[in-house]
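Visitor: Sequence:
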Amino acid sequence: MLGMGEGEDCPFQFNFDPATFKVGDTVSYRVTGSLADFPFVGTLLEVHDDYVVISPGENEPDARYKATRESRPLVDESEL
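Just so we're aligned, residue 1 is where the sequence shown starts under our numbering, counting upward by one.
Among the hints, erroneous ones may be present.
[To be verified] So the derived label-pair ranges between C-beta atoms look like this:
(1) Phe-16 <-> Ser-55: 24 to 32 Å
(2) Gln-13 <-> Ser-78: 17 to 25 Å
(3) Asp-62 <-> Ala-19: 28 to 36 Å
(4) Asp-76 <-> Val-41: 17 to 25 Å
(5) Asp-50 <-> Pro-11: 29 to 37 Å
(6) Gly-57 <-> Phe-16: 14 to 22 Å
(7) Val-47 <-> Asp-76: 16 to 24 Å
(8) Phe-12 <-> Pro-61: 12 to 20 Å
(9) Ala-19 <-> Thr-43: 23 to 31 Å
(10) Ser-78 <-> Pro-11: 13 to 21 Å
(11) Arg-64 <-> Gly-33: 24 to 32 Å
Think of the hints as simulated: they come from the structure by calculation, not from any bench. Even glycine gets a Cβ: it sits at the ideal position worked out from N, Cα and C.
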């Protein structure tokens, strides 16, 4: 995510390779429904064969979202 304006680069280092996902990786994830057009950043808390569990960050320390295991995991809006 380079060139985000004013010569600044994105402050995050994302892992987009689901085959190498590990706990602690930063991922860009998507949400279904009314939030489908917005990108989100989270940290992987769990990595399973067919899904991952994401923490949305410090602002919601107890939140845990189950998501698909793909390059940009998909969270169902009902998880929020």
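Visitor: Checking against the hints above, which ones are violated?
Guide: When the structure is compared with the hints, numbers 1, 2, 9, 10, 11 turn out to be violated.
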